[in-house]
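S.K.: Protein chains in written order, with our numbering: chain A, 6 to 289; chain B, 3 to 296.
Warning: the hint list may mix true and false statements.
What the hints assert, rightly or not - Okay, derived cross-link-like pairs now, DSS-like style, lysine-lysine, Cα gap no bigger than 27 Å in a straight line: (1) A:Lys15 <-> B:Lys204; (2) B:Lys191 <-> A:Lys15; (3) A:Lys15 <-> B:Lys44; (4) B:Lys203 <-> B:Lys191; (5) A:Lys276 <-> B:Lys191; (6) B:Lys204 <-> B:Lys191.
Stated by the list, open to error - Here are the in silico distance ranges between beta carbons for each label pair: (7) A:Gly146 <-> B:Ser151: 54 to 64 Å; (8) A:Gly146 <-> B:Ser56: 52 to 62 Å; (9) A:Arg197 <-> B:Gln68: 53 to 63 Å; (10) A:Arg197 <-> B:Gly63: 57 to 67 Å; (11) B:Ala193 <-> A:Asn191: 51 to 61 Å.
Hints were generated in silico from the structure; no laboratory data involved. Quick caveat: nothing in here was measured; it's all calculated off a predicted structure. Think of the CB as a built atom: it goes at the ideal place given N, C-alpha and C, for glycine as much as any other residue.
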Amino acid sequence: MSRRRQRLIKSWLIHSAALLLTVLILAPVIWMGLMSVSSTNDLTTVPLHWIPAEWDFSRYVKLLTITENTTGAAFTASLRNSMVVAGLGAMLALIIGIPAAWAVSRMPRRFSWMLHVSVATYMLPPVALVVPMYFALSGMGALNSVFSLALIYLSILAPFTAWLLKSNFDNVPFEIEQAAMMDGANLWQIMRNVTLPLAAPGLTTAGLFAFLLAWDEFFYALLFTSDQRAKTLTVAIADLAGGRIADYGLIAAAGIIAALPPVIIGFGLQKALISGLTTGGVKG
Amino acid sequence: MIENRWMSSRAWFLPLPLLLVMAAIIGWPFLWTLWTSFTNAKLIAPGADWVGLSNYINALGNPLFQSALLVTIKFTVISVLIEFAVGLSAGLLLDQDFRGRTLLRALMILPWALPTVVNATMWRLIYQPDFGALNSMLTQLGMIDGYRSWLGEPSSALWAVCLADAWKNFPLVALICLAALQSVPGELKAAATIDGAGFLKKFRAVYLPFLVGPLTVAIVLRTIEAFKVFDIIWVMTRGGPANSTKSLSIVVYQEAFSFQRAGSGASIALIVALISAILTAVYVTAMRRQAEVR
Numbered sequence: 006m007s008r009r010r011q012r013l014i015k016s017w018l019i020h021s022a023a024l025l026l027t028v029l030i031l032a033p034v035i036w037m038g039l040m041s042v043s044s045t046n047d048l049t050t051v052p053l054h055w056i057p058a059e060w061d062f063s064r065y066v067k068l069l070t071i072t073e074n075t076t077g078a079a080f081t082a083s084l085r086n087s088m089v090v091a092g093l094g095a096m097l098a099l100i101i102g103i104p105a106a107w108a109v110s111r112m113p114r115r116f117s118w119m120l121h122v123s124v125a126t127y128m129l130p131p132v133a134l135v136v137p138m139y140f141a142l143s144g145m146g147a148l149n150s151v152f153s154l155a156l157i158y159l160s161i162l163a164p165f166t167a168w169l170l171k172s173n174f175d176n177v178p179f180e181i182e183q184a185a186m187m188d189g190a191n192l193w194q195i196m197r198n199v200t201l202p203l204a205a206p207g208l209t210t211a212g213l214f215a216f217l218l219a220w221d222e223f224f225y226a227l228l229f230t231s232d233q234r235a236k237t238l239t240v241a242i243a244d245l246a247g248g249r250i251a252d253y254g255l256i257a258a259a260g261i262i263a264a265l266p267p268v269i270i271g272f273g274l275q276k277a278l279i280s281g282l283t284t285g286g287v288k289g
Numbered sequence: 003m004i005e006n007r008w009m010s011s012r013a014w015f016l017p018l019p020l021l022l023v024m025a026a027i028i029g030w031p032f033l034w035t036l037w038t039s040f041t042n043a044k045l046i047a048p049g050a051d052w053v054g055l056s057n058y059i060n061a062l063g064n065p066l067f068q069s070a071l072l073v074t075i076k077f078t079v080i081s082v083l084i085e086f087a088v089g090l091s092a093g094l095l096l097d098q099d100f101r102g103r104t105l106l107r108a109l110m111i112l113p114w115a116l117p118t119v120v121n122a123t124m125w126r127l128i129y130q131p132d133f134g135a136l137n138s139m140l141t142q143l144g145m146i147d148g149y150r151s152w153l154g155e156p157s158s159a160l161w162a163v164c165l166a167d168a169w170k171n172f173p174l175v176a177l178i179c180l181a182a183l184q185s186v187p188g189e190l191k192a193a194a195t196i197d198g199a200g201f202l203k204k205f206r207a208v209y210l211p212f213l214v215g216p217l218t219v220a221i222v223l224r225t226i227e228a229f230k231v232f233d234i235i236w237v238m239t240r241g242g243p244a245n246s247t248k249s250l251s252i253v254v255y256q257e258a259f260s261f262q263r264a265g266s267g268a269s270i271a272l273i274v275a276l277i278s279a280i281l282t283a284v285y286v287t288a289m290r291r292q293a294e295v296r
């Protein structure tokens, strides 16, 4: 009897802890969602109206409407810039990361120092690199450009991508490559026809992680972009939050839109993330 | 692993693009910063004179630097400790059997995937002094008498920022714990239960050996990351009120870009880099030890 009771208490404790954790994770995000559809009246009463009297989706319309010189034009431009910068950055990281990671995976004794050096750059705070980067970009007239920003982002994306790719190539048995070599394939043919198809799922994962990192970046974007031509979403949101706009719902709606792509990708990457965590290959 | 003979003759050019890019966008800027830290270079005015170690000496004696160092250490210790405590508890919970476990595990991705700036903005709205959700909730629950400016008062601002940071980052620690706990053999867990070991005893004897390695790695990674903190503080408080949340990275940014003192900013940036390097050395040692255990 007491055994059963003990188990009941334990089960009750576990379930209430699980409920608490769920609320802890969901409440702030749900509140941001509710704010984005609440009327300004509901959001500026004391105490708050938690559930909106009527659902108001006008902020989303406002943010996504492209009319010149409006909040929407600036916001959609930053959305586009973020897509371009993160997409381009991830692509470049893969292009330079794949051959390097392949070489490290196949010839660790000769090349693994490179991976260690590039991962060690993680300790460098961006503030230790930013001033010379600023001089170089302004000297070349390349400030405020999505292309320069994507290039600068490689300093964050490339070491990380190469690291992920290396452990991915380790899982492709090199006997297959050797067999292809016996058949007379050259290095380029082996990489294109044998290794890359076998490693394809891992390449996608690495690319998506790189995309997430670039989408999240704020510091370089803050310093190197100045208007709609290159400002990214993170900078646009910081502008909204720090500006004089008193429409809290608008800020919340911008946050929801900016969070959607990485959250969708994040859920898609769930398995890869957890298996990466077990090997210590993924940073925050 | 046997090295691939066939590759070695022509392989030298494979890593070349990565090396060149890294040299151009990390190596060169770093060396430039290193050189500048020994000069009195200005951001805009040309010309710079060698001043030896005086930037470093001035920085170490500067009250603003000292307060920023203290803020950075406080931010790092508080956030990482909360992430560690909540993350470990959540990891242990997610290892239990209960309905909806799979769903809750998936939910842990949500804070992790939220962009840092969005997280900072979300909490800024929640902490808002006039109409914020935290004020409203605590008032309705009768826990505070009147609305407070959580980010506007030096006594609470740093804590508020730390909590926001911990909310985003504890799920990662939890998932790392969970992954480690899943590698504990089921027989071991069952045997401990049959022996009637209490929770603490079971934790120490069965779980802890599996947790130490991955947890050390997670904590050190989070510590390095927290020590470099800029984004979340910049969006939430810009270092205010009264410098109570001004971290070292924010001081460097302001030295170099607001006050145009590139040399002085560079010296502080390198002090941050040096401390991060020490933390990284700890990280690598921890990784090695974990590899040996395995």
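S.K.: Now tell me if each hint is right for this structure.
M.R.: Here is how each hint holds up against the structure:
Straight-line distance between C-alpha atoms of Lys15 (chain A) and Lys204 (chain B) comes to about 15 Å, which keeps the hinted pair within the 27 Å bound. Taking the CA atoms of Lys191 (chain B) and Lys15 (chain A), the gap is near 16 Å; set against the 27 Å cutoff, the hint holds. As the CA atoms of Lys15 (chain A) and Lys44 (chain B) are separated by approximately 64 Å, the hinted pair breaks the 27 Å bound. The suggested pairing of Lys203 (chain B) with Lys191 (chain B) holds, with an alpha-carbon distance near 12 Å, which does not exceed 27 Å.
With a CA separation close to 24 Å, the supplied pair Lys276 (chain A) and Lys191 (chain B) stays within the 27 Å bound. Taken as a hint, the Lys204 (chain B) and Lys191 (chain B) pair is honoured in the structure, with Cα atoms around 8 Å apart against an allowance of 27 Å. Checked against the hint of 54 to 64 Å, the C-beta distance between Gly146 (chain A) and Ser151 (chain B) comes to roughly 44 Å, which is inconsistent with it. Range check, Gly146 (chain A) to Ser56 (chain B): about 34 Å between beta-carbon atoms, so the 52 to 62 Å window is missed.
Judged by the Cβ atoms, the range 53 to 63 Å given for Arg197 (chain A) and Gln68 (chain B) holds: they are separated by roughly 57 Å. Between Arg197 (chain A) and Gly63 (chain B) the CB atoms are about 59 Å apart, so this pair conforms to the stated range of 57 to 67 Å. A hinted range of 51 to 61 Å holds for the C-beta pair Ala193 (chain B) and Asn191 (chain A), which are about 56 Å apart.
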